[in-house]
Amino acid sequence: MKIEASLVEKKRDTDIVKKKTCRKTKRPPVLRMPMALQKLFVACQDVFKGPGTVPPPRDVQKLSHILDSMQPGDVGLSRNLPFFKPKNVVQGTPRVNYTTIYQCENFSLCIFFLPPTAVLPLHNHPEMTVFSKLLLGSMHIKAYDWVGPVKSDDSMLSSQWKLARLKADRVFTAPCNTSVLYPTSGGNIHAFTAITPCAFLDVIGPPYSKADGRDCTYYRDLPYSAFSDGASRMGKEDDCYGWLEEIEMPKDLKMDGVEYWGPPIIETRRAFR
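So the sequence shown is numbered by our numbering: it starts at 1 and just counts up by one.
The set of hints was computed from the structure by calculation and includes no laboratory data. Keep in mind it's a predicted model, so treat the numbers as computed, not measured. Be aware that a few hints might be false.
To be verified - Calculated cross-link-like contacts (lysine-lysine; reagent style BS3-like; alpha-carbon spacing at most 25 Å):
(1) Lys162 <-> Lys85
(2) Lys142 <-> Lys251
(3) Lys162 <-> Lys251
(4) Lys62 <-> Lys167
(5) Lys254 <-> Lys142
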């Protein structure tokens, strides 16, 4: 009986020690996978088929739906970051930062950071389909699409100026829906001007490639009336058009690539389907 009592006592002491140990031992935090970003990545693998292709409407809707639901935290951003709470006023032309989350032959995922008053001047996206999601801040977007050849007798109009239709000219504030542009429509030529510190995610397919003829071209614009000699040819639609001239990359455009510190992407086609 003494032996049995001793064993019972010993077992009780052991159980008490286990309970205390369990209470003191903290489990390591469970790391959440970047579900939204990973879902976007896998969708891009399916949607973008390479140069010379444009995603069909169903795939455009699929990607837009994913991007519309994405939050700044899905790519590691927060309003508490120093970038979004600048203490000093930047002198001169503010620099634009960008980071590449992922890039392959078929598509790229990039984030652009614009401090207040920073400008990405009018530029095009040749042979590309672009999804732009404003994640934080407010910016003014001006966008054009080319119009077919226009006959004109204006002596001021040179072959360097081409007619374009205005697709957007207003302020966007996050959160807002994703903007989609196509190789020849949707505002393929656009400019961004930051009103507040802002960040936007660009999904581009296929990405820029100078070697493959997809280099960025810059433009300056003038209102349609600039070459009308005071006579309106578009009538009430004058404000819906503009003249664009190709220019060299603006010298005051300053862009810096920075390292991506957000959630990683898992390169697998099976995950998160």
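**Asked** Any of the earlier hints contradicted here, and which numbers?
**Response** 1
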